[in-house]
Structures are given as structure tokens and as C-alpha cells.
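Asker: Assemble the complex: chain A is given as a structure, and chain B must be docked to it using the hints.
There are 2 protein chains.
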Amino acid sequence: MRNIQNIELKPCDNPKYVKVNRMHYTQEGIDKTWEIAHVHDSVAILLYHQEHHTFVLVKQFRPAVYLSNGDGFTYELCAGICDKEGASLTQVAREEIHEECGFDVPLDAIEHVTSFYTAVGFAGAKQTLFFATVDESMRVSAGGGVDIEAIEVVELFVDDAHDFIFDETKVKTPGLMFAFEWFLGRDKY
Amino acid sequence: MRNIQNIELKPCDNPKYVKVNRMHYTQEGIDKTWEIAHVHDSVAILLYHQEHHTFVLVKQFRPAVYLSNGDGFTYELCAGICDKEGASLTQVAREEIHEECGFDVPLDAIEHVTSFYTAVGFAGAKQTLFFATVDESMRVSAGGGVDIEAIEVVELFVDDAHDFIFDETKVKTPGLMFAFEWFLGRDKY
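Just so you know, the protein sequences line up as chains A and B, in that order.
According to the numbering used here, the first sequence is numbered sequentially starting from 589.
According to the numbering used here, the second sequence is numbered sequentially starting from 589.
Calculated from the structure, these hints are not laboratory results.
A portion of the hints provided could be inaccurate.
Since the list gives no way to pick one copy over another, a pair counts as held whenever it fits inside one copy or between any two copies.
Simulated pairs of lysine-lysine, BS3-like, Cα-Cα distance not exceeding 25 Å [claimed, not checked]:
hint, residue 1, residue 2
1, K714, K607
2, K672, K647
3, K647, K758
4, K672, K607
5, K598, K758
Chain A with its partners taken away, still in its complex shape (with noise of 0.2 Å):
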């Protein structure tokens, strides 16, 4: 899994995937500009194993966050892009908890949470959080991703998750801990 070599940055004059424009606005009477890097709305799941008792992640090299620290493995709650025209939410979500960690959940099983902005400043993104139950009789396959994606399954035992946020050694997202949070918390509500 950490077999990353021949590591290269080149300049990218033509982006492809992360395409960068220019906002001309006036506010309050005063002239502005802003860059925003245009990147598409995204799902979040955060898969609770009822059997294991566990949180099942995604763990995946990240080039960004390898530039950031010099590692750049992540853990992630299983996600993905909503880029295929007339897919719902929760049917993205639906097939990411397939591709990436090998459950068959049915639709009605994946709970809406709430959603959230990420990279504001930037680029301006909204991901949905949703929340769904799994168990091995939902298992198709190991998960991993699709094509090229290197992307491992990997399950922290529910009891470690709040020590795992304050684990600044492991790298994460602030959506995951906050899923992390509001699960820990839903006695509450």
C-alpha cells in the first residue's frame, strides 16, 4: 500500500480536472476579485459494521496531502463525486459504499445527516453526509475502488474513535470527525 516511488510536480499550464477562473464582483461599492478552483459536489457515508462494531474507512494515498506532509495516506469516510447527470444523492452514495467498500446497501437503508461547505475560501464545494448500517450479509465484494484507485478498506473499532480525532499522527477530514461526533452523540438527539 505505501509503494509510492519516482514522485514528480510539474508545473500544469492546462489543467483538466481542477480548472481555475477568475470572479469579478463589487461589494459594498468596492471592486473585488477572486480565484475559485471549480470541483464538483460530493457524498460522504459513514458506514457503522453493526456485526464488528467499527467505523469502515477508506485509507488512500493522496497526492495533495503527501506535498502538505510527506506521507499523504488519509482516512476517509467512503465518498465520492456526484458527476453523473440525473443520479441522486443517495444513489452516489449507493454506489460508492459498493465500489469503494464492497457493501450492497439498499436505498431506503442510507440515512440523510446534514451537509456542509469544504475549502470555502477556494473552491467551494457541498458535500451531503450520509449514514448507513452494514453488516456481511450486505458484503459483494472487498471493496477498493474501481480501475487504478488504490484505495484500502480498512474498520476502526467504534470505542477508538474518539481517541482516533485527537491522533493528529493520522491524517483525516474534518467531515469525518465530525460524523464520528454526531454518531457518539445520537443518544442524544
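Answerer: For chain B alone, coordinates are given in the frame of chain A:
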């Protein structure tokens, strides 16, 4: 505050702030490339106003979010990028509390909570989360940012924070949502 006019989006062939590079690397023997926007690491501070029993937040127009949802105003934690050589994270946090929210908080009253990585798919910057308690004795200005920053300081009753998290008409970041949950659950820890 909502006085935003003359919005135009133009191509940005030579971005000054959102610079895109392409990483080339080999993973498990497979050659891959990935586009990366270089952004600064940052700090965010959850501010608890103990006399008002509120969280002190900032509300601002975010061009990237405007493109995403047609409104563009976000609720965020007091925050700022780390672009000053030699300044500690806590010093950056202290300056942002001063500039954005108008409180002069002693360095040793700014508590480190944890850290996380945002926009890991294409940017991967680290944000370190701090916490500070403020009161009116620390007030030195009305806040609002520096130069042409148009930041509105808003207070949210702690008792309303939970409902706020699930009110999807309010645009907010997952870091803010995690910080609220962390505060609300502090008694547990």
C-alpha cells in the same frame, strides 16, 4: 452586507493564489498523475463568549460558494492562513481573533484542540483547530477584518448550536460543525 453586484466569471490563465501543479508518481507499479492546487495551511478558532453564552462566528461572502449555491454567504469559525514566516500557529490564531472578531486574547489562553486536512482530493492543506473563551473585558474593536475584508461578526447561542448544525439553509464548514460537537461534548472528556 448582502450588497454584492456586477458578478462576472472569467478564465484565469495565470492564477496568483490558486496555483495548479500536476504530480506524476508510480503507485504499486502503475504510473499515475494528479492535479493539485497549492494552498496554505491555516488555523481556526472556536470562540466561546462566556458572558453571552454564545459562539462568536464570522459571516462572509465567499465567491466560490456563490457559484455553488447562488447565495455565497457562509458561517465559519474565526480563521486565517499561515503565511507569515516565523509566526507560531498560536500567534496566527491570536492575530485572527483580534482582526476578525475584535478580542485581545492572551497566547496562553488559546487552547490547541486537534487538526485535520481539508479538500484532500485536490488541495490537502492542514487546518489546526484552537479554542478560546472570550468576554467583553477582552474587547478591543468590533472586528470585521483588515483592509477591504467584509467580515460580519455574528454570535450564535450555544443552546442553538445543535439545531444550527442540521439547518442546511445555513452554509457552514465541517470544521465548525466538529468544533461545536467537541464543545458540546466536552463534559464527556
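Asker: Would you mind marking each hint as holding or not holding in the structure?
Answerer: Cross-check of the supplied hints:
In this assembly of identical chains, K714 and K607 lie within 25 Å of each other by CA distance both inside one copy and across copies; the values are 17 Å within and 22 Å between. Taking the shortest alpha-carbon separations for K672 and K647, only the intra-copy value of 24 Å comes in at or below 25 Å, while the best inter-copy value is 32 Å. Taking identical chains as interchangeable, the C-alpha atoms of K647 and K758 lie at most 25 Å apart only when both belong to the same chain, with a minimum of 10 Å there against 31 Å between chains. In this homomeric assembly, K672 and K607 come within 25 Å of each other (Cα to Cα) only inside a single copy, at 19 Å, whereas the closest approach across copies is 27 Å.
When the C-alpha separation of K598 and K758 is checked against a cutoff of 25 Å, the pair qualifies neither within a copy, at 28 Å, nor between copies, at 39 Å.
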